[in-house]
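> Listed here are the chains, written in short residue letters.
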Amino acid sequence: MATNFCHAAQRTFRDAAILEKADRLASADHLFGLAAECALKAILAGLGVIPRQGKPPKPYDVHMPKIWEQFSAYVSGRSDYSLPAENPFEVWQIDHRYEADETFTVARVQKHKAGARRVAELLDRALLRGQVP
Amino acid sequence: MTVRFDDALKGYLEVTRAALVSELAQARKVILVRDLRGRLRLVVGNGFASAGAASALQKRLDEAAGPFSGGAPLAESDLLVPSALFESADLREIDGCPGLWLLERTVMGADWTRTPLPNQSPTPPRATMFGIKGGVGRSTALCAWARHLAGLGKRVLVIDLDLESPGVSSTLLPDSAMADFGVVDWFVEDAVGNVDETLIRLMAAQSPLSGGTSGNIWVVPCGGSQGADAYMAKLARTYQDLAQPLGGVQTFADRLGKMLDALEAAHGPDVVLLDSRAGLHDLAAVTMARLDATVFLFAVGTRQTWNAYRLLLSQWTGTAVGVEVRERLKMVAAQIPEEGREDYLRRFELDSYDLLRDTMYEPSNLGEVGAFSFDVKDTQAPHYPLPVYWSRPLQDWNPLAQVVSAQQLDAALGDFLRGATDLVLNVAEDL
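If you read the sequences in order, they're chains A and B. FYI, our numbering numbers position 4 of the first sequence as 43, with every residue one higher than the one before it. FYI, our numbering numbers position 126 of the second sequence as 220, with every residue one higher than the one before it.
Derived by calculation from the structure, the hints in this document are not laboratory data. Only a predicted model underlies this, so the values are computations on that prediction, with no experimental measurement involved. Among these hints, one or two may not hold up.
Claimed, not checked - Heads up, simulated DSBU-like pairs for lysine-lysine below, C-alpha to C-alpha not over 35 Å straight-line: (1) B:K352 - B:K227; (2) B:K227 - A:K105; (3) B:K123 - B:K104; (4) A:K150 - B:K104; (5) B:K227 - A:K60.
To be verified - Not the full set, but computed from the structure, chain A residues with beta-carbon under 8 Å of chain B: (6) L122; (7) E125; (8) T144; (9) V145; (10) R156; (11) E160; (12) L162; (13) D163; (14) R168; (15) G169.
Stated by the list, open to error - From chain B, some residues computed to sit far from chain A (all C-beta separations above 10 Å): (16) P176; (17) R208; (18) D355.
Quick reminder that beta carbons are idealized off the backbone N, C-alpha and C, glycines included.
Whenever a hint applies, use it, and build me the whole structure from the sequences.
Pasting the structure below:
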């Protein structure tokens, strides 16, 4: 498999936005979390923290909300890739794909959308700084 | 021929400029991004008419920039959040090319070319003491000026921002009366949202130097007496941008501005003196370019000093930020030698004039009313120096022990003290 975290982040973010517009809240919520994860991994790969190919090594082999914490711990402050201390994906879990429809409220999805957008901006920035392969 | 860093931007601009009427004719806005390694790439609003047009242009751009070409142009739609780029405050429009913008992505130094921070008005008058080189008597002049202002009944707030080489606070405060906290303490507490009124209050201590005057001098040190052994641990966390929970980032400059506002609000000074660190450092970028302060440029009349100042000032030539900065500059002739003072000062005036004319002044032949240009002998002009005379007794001056007489102090610094006071307080001093 040819891994490309950047492509994965971009298509997932765009697909999440389409689903959200179509009121498919549960799947939109799921994809916003995955998009943010892929974008953070794309930046980590660009900075040489994780390999560009294959499964990321520990402690980066995780999903939201843990990948947000790992990213913050490694890439902070002056790097131009800082994230707020408060993690918007605190209640997002990869296992929520099994959850009942009614738990995906508009407020919950909006929070994850804003978090994903925040990370998407960082990915654009990395692209323009020449730091994404 | 090998393309070097400087040629690459020129060549890239030339090709892009020509393409504005061909391949890029339909573009809403074209942004030239220079990345961390100096590689150049276009981001095109609205994109290209055809893929063929993009690749034809790219071929010419690659030739112009050689190893500094950053690859195929990006369309707006290649970005996930294009508005963050297209509305960035760091975009600089290229002179004479409407619609073409440059974005510099650098490792550091972004504050030099950013517009001043918004003021939390009303701020008291602020002065930044800056030297492109250290060791020219900048801090000594600051201490004498603080005392002079206190003598005029002013409440003076001195902030030591020479964080990598603290000095002015230990000159003004004895160890026994050192403030509990300092600038680096504010930064580490702010990073976790832990700044409160107590911290702000305990960051300043009163200097005995104002004894016998009707004013007073409050001093904020780089680091306080509490946790002095952890100074390096705090300094290493000071130059930091912080992402905010609701979006946006508070840059180091924003945070420094916030600290200054809080100190001013709590201590209510009539005037604020900032001891900036020497050289082309990011902290000096903030104190010179981004705070609303009169900037005193300390210089000795050597070629290396003028050349270094030229590196600094030429970045602002013809820029909007330059227009803001130039209004606030004043040259200081430091350490004027005892012998041949007249000749030395005359040469200094000419060198200083050449520097400012080439970098910050507008051409005088414009003949426009209000053009920013000056005669070499204009004492009000930024280049015309306030003099500080070298003095043997001043080399050993310990302001707290007063080993220098008032006359000796006045002989060396009197002209500077009166001139600087006039400039910053904008009032004629009652002599």
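> Confirm or reject each hint.
Results for each hint:
1. This hinted pair checks out: B:K352 and B:K227 have alpha carbons roughly 28 Å apart, not beyond 35 Å.
2. Note on B:K227 and A:K105: the hinted pairing is violated, with a Cα-Cα distance of about 47 Å set against a maximum of 35 Å.
3. Taking the CA atoms of B:K123 and B:K104, the gap is near 19 Å; set against the 35 Å cutoff, the hint holds.
4. Taking the CA atoms of A:K150 and B:K104, the gap is about 45 Å. The hint is violated against a cut of 35 Å.
5. Under the criterion of a C-alpha separation no larger than 35 Å, the hint pairing B:K227 with A:K60 is inconsistent with the structure, at around 58 Å.
6. For A:L122, the interface hint holds, the least distance from its beta-carbon to any beta-carbon of chain B being 5 Å, beneath 8 Å.
7. The beta carbon of A:E125 comes within 5 Å of a beta carbon in chain B, closer than 8 Å, and the hint placing it at the interface holds.
8. For the restraint placing A:T144 at the interface with chain B, the shortest Cβ-Cβ distance is roughly 20 Å, beyond the 8 Å limit, so the hint is violated.
9. Taken as an interface hint, A:V145 does not check out: its beta carbon lies about 18 Å from the nearest beta carbon of chain B, beyond 8 Å.
10. Of the supplied interface hints, the one on A:R156 holds, with its beta-carbon coming within about 6 Å of a beta-carbon of chain B, less than 8 Å.
11. A distance limit of 8 Å between C-beta atoms decides the matter here; for A:E160 the minimum to chain B is near 5 Å, and the interface restraint holds.
12. Residue-level restraint check for A:L162 holds (minimum Cβ-Cβ distance to chain B is 6 Å; threshold 8 Å).
13. The restraint placing A:D163 at the interface with chain B holds, with a minimum CB-CB distance near 5 Å, inside the 8 Å limit.
14. Look at A:R168: its Cβ gets to within about 5 Å of chain B, closer than 8 Å, so that hint holds up.
15. With a cut of 8 Å, the hint placing A:G169 at the interface with chain B holds, because the nearest CB-to-CB distance is about 3 Å.
16. A cut-off of 10 Å between C-beta atoms contradicts the statement that B:P176 is not in contact with chain A; the least separation is 8 Å.
17. The non-interface label for B:R208 is consistent with chain A: the shortest C-beta to C-beta separation is roughly 14 Å, beyond 10 Å.
18. Once the 10 Å rule is applied to beta carbons, B:D355 is consistent with being away from chain A; the minimum gap is 22 Å.
Checked against the numbered hints above, the structure violates hints 2, 4, 5, 8, 9 and 16; every other hint is satisfied.
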